[in-house]
Structures are given as C-alpha cells and as structure tokens.
Amino acid sequence: MFKILKKRELNEQVTLMELDAPLIAKKALAGQFIIFRTDELGERIPLTIADYDREKGSITIIFQKVGKSTIQLGSMKEGDSILDVVGPLGVPTHFGTDIKRAAVVGGGVGCAIAYPSAKALNNMGVKVDIIAGFRSKDIVILEDEMRAVSKNLYITTDDGSYGTKGFVTNKLSELIDSGADYDLVVAIGPVPMMKFVCEVTKPHDIKTIVSLNPIMIDGTGMCGGCRVKVDGKTKYACVDGPDFDGFKVDFDELMRRNSAYKNQENESKTHICRLTGGVRHG
Amino acid sequence: MANMQPTKTPIKEQDPKIRARNFEEVCCGYTPEEAVNEAKRCLNCKNKPCVSGCPVGVRIPEFISKVSEGDFEGAYRIITTTNGLPAVCGRVCPQESQCEGKCVRGIKGEPVGIGRLERFVADYMMNKTTAPEKIAPNGIKVAIIGSGPSGLTCASDLAKLGYSVTVFEAFHTAGGVLMYGIPEFRLPKATVMHEIDNLKALGVEIKTDMVIGKILSIDEIMDMGYKAVFVGTGAGLPNFMGIEGEGLVGVFSANEYLTRINLMKAYLDEYDTPVKRYRSVAVVGGGNVAMDAARCAMRLGADNVYVIYRRSEAEMPARREEIHHAKEEGIEFVYLTNPIEILGDDGGAVRAIRCQRMSLGEPGKDGRRSVSPIEASEYDIDIDCCIMAIGTSPNPLIRSTTSGLEVNKRGCLIVDEGMLTTKQGVYAGGDAVTGAATVILAMGAGKTAAKSIDEYLRGEGK
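Sequence order for the protein chains is D and H.
Going from the first sequence to the numbering used here is simple: count from 1 and add 5.
Going from the second sequence to the numbering used here is simple: count from 1 and add 542.
Think of the hints as simulated: they come from the structure by calculation, not from any bench.
It is possible that some hints are incorrect.
Estimated spans, in silico, between C-beta atoms of each pair [what the hints assert, rightly or not]:
id	chain 1	residue 1	chain 2	residue 2	range
1	D	Phe-252	H	Ile-785	40 to 46 Å
2	H	Ala-918	D	Lys-105	42 to 48 Å
3	H	Glu-575	D	Asp-44	39 to 45 Å
4	D	Lys-207	H	Thr-943	33 to 39 Å
5	H	Glu-762	D	Lys-142	45 to 51 Å
6	H	Glu-786	D	Lys-11	45 to 51 Å
7	D	Phe-252	H	Pro-558	51 to 57 Å
8	H	Glu-786	D	Ala-185	38 to 44 Å
Chain H residues, not near chain D, derived (Cβ > 10 Å throughout) [as the list claims (entries may be wrong)]:
id	residue
9	Thr-549
10	Lys-742
11	Lys-756
12	Phe-782
13	Val-791
14	Ser-795
15	Glu-798
16	Pro-859
17	Phe-875
18	Leu-885
19	Gly-977
Among chain H residues calculated to face chain D with C-beta under 8 Å, some are [what the hints assert, rightly or not]:
id	residue
20	Leu-758
21	Met-806
22	Glu-812
23	Leu-939
Backbone N, C-alpha and C fix where the C-beta goes; we use that ideal spot for every residue, glycine too.
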C-alpha cells in the first residue's frame, strides 16, 4: 500500500499527489514512470514521475482526470492509500552532453512531465526555454515551478486568454526563426502536438526528444502492448523508452493504437458516473 | 488385488458447447470413490519408472497406495515432501511425456491417471486445515527473484530447510505464468492462491510490485544481508514475427491478451481493464500458449477462432489434451500455413491475415521437420484480431543490471548442473535459463537450485 502524503488540485482536471514510496524515490530519475492500480478491481495505468524527494522518500505524480481510473485516483484523499505502485520504470531521459541551449515544450498536462526534464537540464547548466501550451487561462499549471527552472518561460493559450495566443509550435517556430540556437528540443504532450513539434524542428535539424504515451499493461516488457514503431523497428516504450528520437517515431500508428479502446473507456466512464458517482463500492 | 481395468477411470468434464462460453474449469476432477478406484490400478512396481519421469521426484506409488486405502491426508503428506504445488502440477503437467509416459500400465492400455490423482489429493486437502510443520529457523536470508513455478518451488524447499526466504515479484500478484498466463478454465486462480498461501504459512515472505533491476539490483539485495539469490524471472518477453501489419489495432502478443484476461480479469464486468470481444480471431503458433489464447477468444464470444500453425498436427508442441479440448470447443486448426502479412482497414484495424501454404521436409539436426513455403499459394483469411503465440525470450532487465551474469546467444542465463550462474551466490532456473519450457521443468530447476543453495550456504558456515 502506498500512502497519499499530499494532494493539490492544480486546476479542475489536473491533480498533484505526493506518494510515500521510499524505494522508488531512491532510484527515480527524470523521464521515468510508475504504474499504479488503485484497488483490487483496478486496471494498471502508467504515470510519469513528476518529481521525487529522496530524503523524504516520496514521489510526485501529476495526472489529468480523463477516465475511470484517473477519476477514481482523483477522488482519493490525503492519508488514503493506493494498492499498487510499481517503479521506477523505463529508461531515464538521456539528453546527451555538450548541450548549451534547449527548448522544453509541454502541452497541457504534459507540462508536468516536461517540468522534470527542464529541471534536470537546468541543473546541468543548460540554458532552458520552456514553451508551455494550454487551451485557456483557467487550466494553466505549474507556472511558478517552470519559471524557476528556465531562463525564459513562454505560455501560450489556444484562445489567447493568457500569454501568447496560439499553439506551442507557433511560438517554437518564432523563437527558432528569431535566432534561438537550440541544440535540443524536448517535446511532451498529446501525440499530435509532439508530431507537429517534430515538423517544426526537422527542417532545422535540431535534435528532438519526445516522450511517448502508448497504452501499457505491465510496464516491464512482458506484453508488447506499448509497442511503437521507431525508425521502422518495433520498440517497447516501457523498456526501450518512453523517450525516443522524435524524427524516427511513427506518430500516426501511435495515434491509432491509442484510440483502440475509446468506446470502452467512454462506457466505463459513464457507467461509474451513473451508478456510483465515481466511488467504488465493495 | 489391483484393479485391472485397461483404461483410466473416466473423469467428468463440462460439456464442450457450454464450457466454450464460460471460464469455469473444464475438468471437474475425481470424486473420492473414483480416485480410490483409479488408485487401485497402480501395480506398485518395485523399480518405480513413473518416479523417474517426474522432474521433482514425487513418490508416486507411495502416495497412490495411500489414496487406494482412502487415506487422502497421508497421500498429501507424501506428495508435499517433494512438491510444493500439487494442485498446479496435477492440472498442467504434460503427464503423457513424464510420469504417466513411463507407467507400466501404459504398455497394454492406459497408464494410471497419476496427474488426476495428484490433483484429487491436493483439492481434497484444500478444504481441510493442516497445521503447518514447525521448522526451526536458521536465520540465513535467501532472496528469490520472480514468483513463478521455479521461484515458488525454490522458496518452498528452502523454507522447509529453515531459511528465511523473501520472494520479489514485479507484478501485483504472485504466481507468474500460473496467474497471468494459464487461464482459469485450466487452472483456477483460487487454487494457485491457495498454494501460495501454503508457502506463506511456511514463513515465506512475498514482496510484490518489485521490479528487480529497477527498484533494487541483485548487488543491493546481497548488500541487504541476503546470502544467496535465486533468479527465476522466466522468459516473458514476447516475440513477434516481424511481418507487415503487426502495429495494427487488434494485433496482440499472447502475453498481452492472456494478461488482460487472466491477471486483470478483463472478461468480468466489475474489473476495469478492457478486452474486446472480437468476431473472428487468428492465433498464430502451436504451443500451449496458442491453445490458451484461442480458447479464451472463443469464451469471449468469437464466431470463428483459427489456430494457424506452420507445421502439421503431429509436430504441434501443445499437450494432446489441450488440442483435443480446443477442437471440441469449436476451434479450427489451419495446419501447414504461415502468415506473411496482416492487412488493415482505413482506420488501422485488422481486417485479414495473408497466409502462405507450407510443405513439410525431412527432420533437421534438431529433430524437427523443416518447412518451406509453397509458391503462389497465398490466400487471405478474414479476421478482426490476431494473437501472436510464437514464443517468448528472457527479459534482459536482470542481466543488464547485474555485473558478472553471463548469458548465451538467446539471452538465457548460463548455469552449471547445480544451477549456479557465473556470479558467486547467484543461482537461476526455469525459463530464464532454458527459454520458454514447462511449469514442471521450472519446478525441477527450482528444486535443484534450492539443494545447491543449501549446500553452498552450509559449506560457507563451516
């Protein structure tokens, strides 16, 4: 059992939780993830480790309430315990050496995953720009945290209600065109966003790392549910990734595979709303 | 006087038409009367060929003679001196090539139903509480990585010798392939959990959610005071064919499909993990895993389930009984056929599998007959789901995070005859050493390793 030490609502949909998990906290590195299962009937869902405190023995997860399991996790309180947390899984992000200037691009809740990457780069002495995109002002998250680990923080909103109006890709293009000499771009967010970031960086040949989010079950390499095509080869995101060279990823296949259970997800969401209001009984 | 009936005492099974749509156990097991009748068929041979066929050396004629006397508890005590998982073995061992394959009664007629009797005894005792044996602890800690058949057997034997045993398991439930791989209708999960509870009663500690190589390394485990480590991590990395279309929606490894169903219980409404009910399913492969996947697909409501195998029925590695059960349940076998591409629709979902007919050649060096494609024999089978059951390889996680562990070309850990790896104090067994094999061979390896670990640790104490 893994106790919830702290819970903070970052916006209406996004929740931060600090979990008591000393062994995971001891080993976790930027780019790695955990798999959780709330209770005996639950499914196994992957979440990136957004932060860790080795001394306190805790890890931080930030998640968007998009379906049954995340809604259920979001309904748990400080002091409650989650049945299973497995990790740290996946390969830590390898940024490479001699990087002087980097752009970290986060989309929506992806900013929670982009944040530890920016922090790690900043700690390496890299000059980091963060471009964080949101639909509108009311869902902006982690602004102060991101500002603290970057030279420049650019916030974009689709509707222009905060920061610059437009998408992260517009801002990234603009910065590159105006002479920002990036050695590396890290893009984390919805699959279409990562795909479009790669389309911006490719003509300039700027190394671009993406963090993929396929469907996972075990997260340890024993099922291949998370397989993605990278450079024409099949890779398991849970053990070979989740980070990959963005120029080599087949994003279209990933998008198709991620929508495989859409109908069932929707059914289970409405199901739980109707019967139990999001709380599982017995 | 022995019962000289030439055939095994019949056993009750669920009707194929009914069972093909439920996950309840196919074989209902013997009643006490049937078990006694079958036990009386044993001739109690002096040289006991059956025992030599059992990888864990169960004292077969001794336990069977207790059954024939109606002393089922006595029979259980004899079995469990050498076998920690009798309810599992009685159900899933390929007895025809092991104990029963050596039975003298099999020369003229059918062999004694040893597996059925072992299962009967274990099931009979499941409802009785037995006081755990009192074992004096020796205070020496041993770590087991992986809680599949090899790890559980090794843990059981070491605990009975007084060692303080901790099992580290990556999944949220112990049991390995017994829980995620073999379906409920062949091996009820309550039975597996009961056998694991028996181990816990012996004092074995099981730590789940522990991916060794990530959360702790083997070196760190040894630093924590464990004097020896047994690696029983299996061969869980699924192989794909490498053909076009394997990235389509509706293509699964058998591991994924079976894990969703067996471990995550996706076929039950109250569980959150989804699995789809496909209309027409192709399972590629000819082993027990292929049979399990095909029979699960049928139980989830498929209209057609095809098992596509590149050799003929005679070469199939699956147990005869499983092939027989699968056929009874309406699964179609497509022999001498090999997939060359999976075809998708506009939305990226599977719509058909393109196959090529094969011809059988002469046996090769490994004794298996070679196959070669017949030219211009391509044809398509309409499907909406394809499950790859073409074998698994050992996961590289342990070897890549432990210095001094050597592996062969196939990624299997190299061990000596006592199951010692190339690293001092680290032993290994089961599929991690052999590649994908059987439950009982893994148990045999766990047993051998436990003996070696005991000798090693006693030697060190001197």
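Hint check results:
1. Phe-252/D / Ile-785/H: 40 to 46 Å: violated, 25 Å
2. Ala-918/H / Lys-105/D: 42 to 48 Å: Given about 60 Å between the Cβ atoms, the range is violated.
3. Glu-575/H / Asp-44/D: 39 to 45 Å: Between Glu-575/H and Asp-44/D, where Cβ atoms are some 43 Å apart, the hint holds.
4. Lys-207/D / Thr-943/H: 33 to 39 Å: Taking Cβ atoms as reference, Lys-207/D and Thr-943/H lie about 35 Å apart, which means the hint holds.
5. Glu-762/H / Lys-142/D: 45 to 51 Å: holds, 47 Å
6. Glu-786/H / Lys-11/D: 45 to 51 Å: Given about 49 Å between the Cβ atoms, the range holds.
7. Phe-252/D / Pro-558/H: 51 to 57 Å: This hint holds: roughly 53 Å between Cβ atoms.
8. Glu-786/H / Ala-185/D: 38 to 44 Å: With Cβ atoms ~41 Å apart, the hint holds.
9. Thr-549: Consistent with the label, Thr-549/H stays out of reach of chain D, its closest Cβ about 41 Å off (over 10 Å).
10. Lys-742: With a cut-off of 10 Å, Lys-742/H remains clear of chain D, as the shortest Cβ separation is near 17 Å.
11. Lys-756: It is violated; Lys-756/H is separated from chain D by about 6 Å at its closest Cβ, not greater than 10 Å.
12. Phe-782: violated, 6 Å
13. Val-791: violated, 5 Å
14. Ser-795: Not fine: 4 Å to the nearest Cβ puts Ser-795/H too close to chain D.
15. Glu-798: Violated, because the least Cβ-Cβ distance between Glu-798/H and chain D comes to about 4 Å, which does not exceed 10 Å.
16. Pro-859: holds, 21 Å
17. Phe-875: holds, 25 Å
18. Leu-885: Its Cβ never comes within 10 Å of chain D, the nearest being 15 Å, so this holds.
19. Gly-977: holds, 15 Å
20. Leu-758: It holds, given that the least Cβ distance between Leu-758/H and chain D is near 7 Å, below 8 Å.
21. Met-806: holds, 6 Å
22. Glu-812: Result: holds, 6 Å to nearest chain D Cβ.
23. Leu-939: holds, 7 Å
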